[in-house]
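Enquirer: Now for the letters of each chain:
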Amino acid sequence: MQPQVTEKKPLLNVKGLKKYFPVKTPLGRTVEHVKAVNDVSFKLFEGETYGLVGESGCGKSTTGRTILGLDNPTEGELLYKDQNILDDPKKSFVKLKKDFQMVFQDPFSSLNPRQRIGSILEEPLIIHNIASKQKRMDMVMEILHKVGLSSDNYYHYPHEFSGGQRQRIGIARALIINPKIIICDEPVSALDVSTQSQIINLMQELQKEYKLTYLFIAHDISVVRHISDRIGVMYLGKIVEEAETEDLISNPSHPYSQALLSAVPLPEPSIKKERIILKGDIPSPLNPPSGCFFHTRCPIAEDICSEKVPVRKEIRPNHFVSCHLVD
Amino acid sequence: MGDHNFLKVENLSTHFKTERGKVTAVEGITFDLREGEILGIVGESGCGKSVTSQSILRLFDEKHLASHGGRILFKGKNLLELSNSEMEDIRGNEISMIFQDPLSSLNPVFTVGQQITEAILLHQKLSRKEAFNQAIEMLKLTGIPAPEKRINEYPHELSGGMRQRVMIAMALACKPSLLIADEPTTALDVTIQAQILELMLDLKKESNMGIIFITHDLGVVAETCTRVAVMYLGQVVEETDIDSLFEKPLHPYTKGLLKSIPKIDGDRNRKLNEVEGTVPSLNNIPKGCRFSTRCKFADEKCRQQMPELESHNDTHKVRCWHYKEILERGDQFATTSN
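For the protein sequence lines, the chains are A and B, in the order given. Heads up: the first sequence is residues 0 to 326, going by numbering that gives the first Met the number 0. Heads up: the second sequence is residues 0 to 337, going by numbering that gives the first Met the number 0.
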């Protein structure tokens with residue numbers, strides 16, 4: 000399971016990704032920017048799962064959408080197969096996009112209610128011009144079985160399925176054109192606990208079988224920990240800490256990661272843990288604080304934190320933290 | 000811990016009229032709550048946990064509601080027999096509720112101050128000025144910074160955590176003795192959730208009110224509740240104190256549920272336990288035990304006859320034909336019974 004992070008070449012290298020959304024006056028003049036993703040860099044290695052956690056509004060979904068090209072990045076590089084796929088979006092990206100797919104959070108709004116399951120699953124094949132009509136139907140049937148649905152479901156409509164089954168369809172749709180990287184944006188957060196475990200297990204089985212690489216975006220840290228090999232913690236558009244899963248969970252070093260982990264309610268009443276309760280709310284990304292973005296809520300902040308932006312440093316092998324006060 | 004007549008729900012059932020005929024959303028719900036106690040009601044979506052709580056406050060539109068059955072005794076009065084005006088005196092006064100989504104439960108065109116004072120003026124003989132001051136007090140109590148300023152703001156100007164604090168302030172404005180919290184932290188982030196849970200526990204300590212805490216998150220239950228009722232498809236399948244629920248669960252559904260949550264300190268390479276299949280629809284409730292379609296222990300008896308909620312010991316009740324055998328022989332029972 001453990002990827003050889005140091006030696007392997009990354010499958011996807013995200014460098015300095017930024018996405019600013021303009022805020023406009025009614026007359027269309029841009030007055031300021033919402034800095035949703037603010038200089039995010041990380042690497043995805045083949046076959047691994049990279050978990051991106053953070054609270055709502057921290058930019059984790061925008062990061063995923065920007066990588067997929069659903070939002071155009073303001074700045075940054077996406078190196079895939081030694082090529083910056085943002086360089087020439089018109090020509091190369093469509094071809095490369097075949098290797099990138101996404102599974103969305105809400106299995107109710109991400110499937111067209113007027114399309115049958117068969118045609119939903121066939122659509123990516125048509126777009127990418129794969130196989131003949133007969134062959135495509137075979138492929139759809141095969142993928143239906145792979146995700147635990149039956150051939151009868153080919154002619155059904157989305158409303159006939161439960162949330163968990165719809166999420167299976169969403170996964171099948173992403174999988175059918177044989178992608179390399181699947182960006183999973185909160186794929187289980189809309190599901191009930193018992194269905195959630197079915198989907199997580201399915202995703203892990205498929206990952207092994209197809210050697211998939213997942214970018215797993217979620218706010219539920221227990222789920223992210225279960226599925227990920229490495230985890231990045233985001234706060235206000237920046238990755239504040241990144242490490243291998245076990246290292247991060249047992250030794251969180253950034254004060255925000257520490258507070259985030261301590262806030263997770265454990266389903267074990269016998270364990271009474273010390274909880275770090277953060278004061279206040281997440282500041283607006285319109286107007287992020289000076290220096291370290293976290294200093295307004297940080298329990299250990301000092302003067303330097305409001306003055307200088309902390310640089311990312313490696314405190315242990317493969318464990319990166321952006322904080323002035325961590326050595 | 001207070002007297003036993005605080006809240007007693009006996010054999011409650013709630014039926015709705017639908018296009019496909021009468022649907023029974025909850026059936027045979029029995030539990031009690033003492034003062035100062037926090038009872039958790041857990042279950043997956045559609046299990047009837049919200050219907051149960053809303054039945055206590057009689058929040059259903061009579062057009063769609065066919066009927067209630069059973070009794071809900073609150074301080075000796077049967078809430079289901081009260082007239083509408085008597086019920087209005089209780090709602091928001093003696094029994095209050097906090098809802099899941101604070102944005103859609105606050106009125107967007109009134110300031111938070113107007114909304115909290117409305118609740119106070121409805122039930123207490125105070126002047127507008129006094130009510131307004133009390134509203135500021137309540138906001139202060141919930142830990143909102145600068146309450147004098149916030150009170151004149153509209154809901155959209157507040158963050159999610161702030162809005163939920165306003166909801167709590169409103170719910171507690173008349174010092175209720177029973178608070179029903181329907182997924183109060185589900186829409187919030189974990190760090191904000193931690194703040195709100197801490198606030199609720201502090202306020203409970205001060206006022207000694209009883210709380211019914213409805214949630215699907217077993218972690219939240221473990222950290223807040225003293226007793227828990229687990230619901231499945233409109234019935235309570237297990238009821239016990241918090242420690243035995245997590246240490247010695249008896250019902251196969253509870254066990255499956257507990258095993259299917261990824262734990263933050265669990266073995267990562269272990270496959271998560273799955274509860275097979277999906278929850279059946281309320282239009283198509285299985286004959287016999289309602290969990291029998293998904294239970295690996297189910298036999299012919301389970302499929303034909305419905306088990307009653309029986310007492311395993313003083314504090315532990317379970318609705319299962321075979322819980323004793325399962326307790327003795329564990330998973331082996333599954334192979335011998337089929």
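Careful: at least some of the hints might be erroneous.
[As the list claims (entries may be wrong)] Keeping only pairs whose Cα atoms sit at most 16 Å apart, straight-line, the calculated EDC-like set for lysine to aspartate or glutamate is:
id, chain 1, residue 1, chain 2, residue 2
1, A, Lys-271, B, Asp-60
2, B, Lys-270, A, Glu-76
3, B, Lys-16, B, Asp-60
4, A, Lys-42, A, Glu-267
5, A, Lys-271, B, Asp-264
6, B, Lys-254, B, Asp-216
7, B, Lys-258, A, Glu-267
8, A, Lys-278, B, Glu-197
9, B, Lys-7, B, Asp-60
10, B, Lys-247, A, Glu-313
11, B, Lys-262, A, Glu-313
12, B, Lys-262, A, Glu-267
13, A, Lys-96, A, Asp-70
14, A, Lys-179, A, Glu-45
15, A, Lys-14, A, Glu-76
16, A, Lys-271, B, Glu-80
17, A, Lys-272, B, Glu-275
18, B, Lys-295, B, Asp-313
19, B, Lys-254, A, Glu-267
20, B, Lys-262, A, Glu-76
21, A, Lys-272, B, Asp-264
Since the hints were derived computationally from the structure, they do not count as laboratory data.
Enquirer: Taking the earlier hints as the rules, which of them does this structure contradict?
Expert: Hints 1, 2, 4, 9, 10, 11, 16, 17, 18, 20 are the ones this structure does not satisfy, whereas the remaining hints hold.
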